[in-house]
Amino acid sequence: MSHQENAPLSITPGAIRFNTDSMKLEYFRIGMEGGSTSSYAGIGTLAAGEWVQITTDSPDIQTGGTRGCFCGGQNEPTPTIFDIIDFIQIETTANAQDFGDLSSIEQEGGALGGHVRGYFFGGDPAETAIETFVFGNTAGDPAGGQTATSYGSLTVNSKTGCGSGNRTRGVIFIGDSGGGSEVMNYITLTTTGSGVDFGNSTLNPHGLISACGSPTRALVSGGSNKTAISYVTISTLGNTSDFGDMTTSKNGHSSASNAIRGIFSGGSTPTTGQNVIDYITISTLGNAVDFGDLTRATRNGTAVSSPTRYVHAGGTDNTAASGPMSNTMDYIQIMTTGNAIDFGDLTQGRRHLRGCSNGNGGVG
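So this note's numbering is basically just the index in the sequence shown, starting at one, shifted up by 15.
Source of the hints: derived by calculation from the structure; they are not laboratory data. Computed from a prediction, not measured in an experiment: that's the story for all the values here. Check before you lean on any hint, since a few could be wrong.
Said to hold, decoys possible - Cut-off 25 Å, straight-line C-alpha distance, at most; resulting in silico cross-link-like pairs (SDA-like, lysine to any residue): (1) Lys241 x Thr286; (2) Lys241 x His221; (3) Lys241 x Thr310; (4) Lys241 x Val149; (5) Lys241 x Asp139; (6) Lys241 x Ser209; (7) Lys241 x Thr205; (8) Lys39 x Ser25; (9) Lys39 x Gly151; (10) Lys241 x Thr206; (11) Lys241 x Gly151; (12) Lys241 x Asn254; (13) Lys241 x Ser264; (14) Lys39 x Val149; (15) Lys241 x Pro285; (16) Lys241 x Ser168; (17) Lys39 x Ile26; (18) Lys241 x Asn290; (19) Lys241 x Gly208; (20) Lys241 x Thr352; (21) Lys241 x Thr207; (22) Lys241 x Asp305; (23) Lys39 x Gly29; (24) Lys241 x Thr287; (25) Lys241 x Leu218; (26) Lys39 x Glu65; (27) Lys241 x Asp260.
Whole structure, please, built from the sequences with the hints as guidance.
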């Protein structure tokens, strides 16, 4: 039986086997939070059970802790768009360092992280390209810096989209490409190839959205002055379902998570930057709750996370579209509540950058 093949009713969650095709140990899990006996058979919209590879790597083994990367971006008043990728070790506090470069200058794309690779997709002007890089490689390595390489293409153009995923599948919420989009794609993180249609994001169909998730759920929030949060089950296909609402409507906000909590920070309503931080419990449904405040009101930044920390980076720190573009990073401890603390500085102040990590809620 191959990985992710539906299992017969006799398989017990937690069972372990050796897959002679992949030569890897695997365990069996049901495909949705909470589960039920009907989920074993894939009845209706419920996910069937699946065999999942047991991994022996971790962010600590790969990169000495969880590594967060910040890709591309733009600053003003003379528009400059960047191909730079910065990185931080999320468990520490320090200034960002040079990681490498995207294959071209990019802003307003989207990003997501697996346990080995980061992925950047779309951009302004709207495009379909997906590129990838290995979290363990940096400009400071003996082999030299890293330039992201091609992964494949989305099914449609995306400008200000976002993504989340687990160790095997990335879910991409396509951003506004000139009139709004409900399209969602998925990619298989261990291969290269084109995005595949997942379903429709009916509650968050526009750009300036943000995503986070757990190993089983991907959540998308905000956009076009919306408070809505919606979700999908990563191992299935289909349209988003209503999760609840953030405490305020948001454009250009940031989001990341550990496996338990999703965090939303910053953003604008509709053009005034916010310092608000909200949180939700990913395995439940319901409205977000106030967490605390960022050190400044900001919009069009990004965020990365580890199993314990959330780091918000960059953005525009006032209501004027022309700046100033911030190089500030703030952090919070995800399982507490309270105001953010200064983490350090990016290598370049900018907005519309995109962040991902190898220890986020989907993989950490």
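Results of checking the hints against the structure:
1. Among the hinted pairs, Lys241 with Thr286 is consistent with the structure: their alpha-carbon atoms are about 13 Å apart, no more than 25 Å.
2. Taken as a hint, the Lys241 and His221 pair is honoured in the structure, with Cα atoms around 10 Å apart against an allowance of 25 Å.
3. A threshold of 25 Å between alpha carbons decides the hint, and for Lys241 with Thr310 the separation of about 23 Å falls inside it, so the pair holds.
4. Annotation: proposed proximity of Lys241 to Val149 is violated, straight-line Cα distance about 34 Å (limit 25 Å).
5. Between Lys241 and Asp139 the CA atoms are separated by roughly 22 Å; this keeps the pair inside 25 Å, and the hint holds.
6. Note on Lys241 and Ser209: the hinted pairing is violated, with a Cα-Cα distance of about 30 Å set against a maximum of 25 Å.
7. Of the pairs offered as hints, the one joining Lys241 and Thr205 is violated, with about 34 Å between alpha carbons and a cut-off of 25 Å exceeded.
8. A threshold of 25 Å between alpha carbons decides the hint, and for Lys39 with Ser25 the separation of about 22 Å falls inside it, so the pair holds.
9. Of the supplied pair hints, the one linking Lys39 and Gly151 holds, its CA atoms being roughly 23 Å apart against a limit of 25 Å.
10. Between the alpha carbons of Lys241 and Thr206 the distance comes to roughly 34 Å, so the proposed pair goes past 25 Å and is violated.
11. Note on Lys241 and Gly151: the hinted pairing is violated, with a Cα-Cα distance of about 37 Å set against a maximum of 25 Å.
12. For the given pair, Lys241 sits about 18 Å from Asn254 by alpha-carbon distance, which is consistent with the 25 Å threshold.
13. The suggested pairing of Lys241 with Ser264 holds, with an alpha-carbon distance near 5 Å, which does not exceed 25 Å.
14. A threshold of 25 Å between alpha carbons decides the hint, and for Lys39 with Val149 the separation of about 22 Å falls inside it, so the pair holds.
15. For the hint pairing Lys241 with Pro285, the CA-to-CA distance comes to about 10 Å; that is within 25 Å, so the pair holds.
16. A hinted pair counts as satisfied when its Cα atoms are at most 25 Å apart, and Lys241 with Ser168 does not qualify at roughly 28 Å.
17. Straight-line distance between C-alpha atoms of Lys39 and Ile26 comes to about 18 Å, which keeps the hinted pair within the 25 Å bound.
18. With a C-alpha separation of about 17 Å, the suggested pair Lys241 and Asn290 falls inside the 25 Å cut-off, and the hint holds.
19. For a cut-off of 25 Å, the pair hint linking Lys241 to Gly208 is broken: about 33 Å separates their Cα positions.
20. Among the hinted pairs, Lys241 with Thr352 is consistent with the structure: their alpha-carbon atoms are about 24 Å apart, no more than 25 Å.
21. In summary, the hint linking Lys241 to Thr207 is not supported, as the alpha carbons are separated by about 34 Å, beyond the 25 Å threshold.
22. For the hint pairing Lys241 with Asp305, the CA-to-CA distance comes to about 17 Å; that is within 25 Å, so the pair holds.
23. For the given pair, Lys39 sits about 16 Å from Gly29 by alpha-carbon distance, which is consistent with the 25 Å threshold.
24. Distance restraint check for Lys241 and Thr287: the Cα-Cα separation of roughly 14 Å lies within the 25 Å cut-off, and the hinted pair is therefore satisfied.
25. A threshold of 25 Å between alpha carbons decides the hint, and for Lys241 with Leu218 the separation of about 9 Å falls inside it, so the pair holds.
26. Proximity of Lys39 to Glu65 is assessed by CA-CA distance (about 15 Å); at most 25 Å being required, the pair is judged to hold.
27. Restraint check for Lys241 and Asp260: satisfied, since their Cα atoms lie roughly 9 Å apart, inside the 25 Å limit.
Hints 4, 6, 7, 10, 11, 16, 19, 21 from the earlier list are contradicted by this structure; the remaining hints agree with it.
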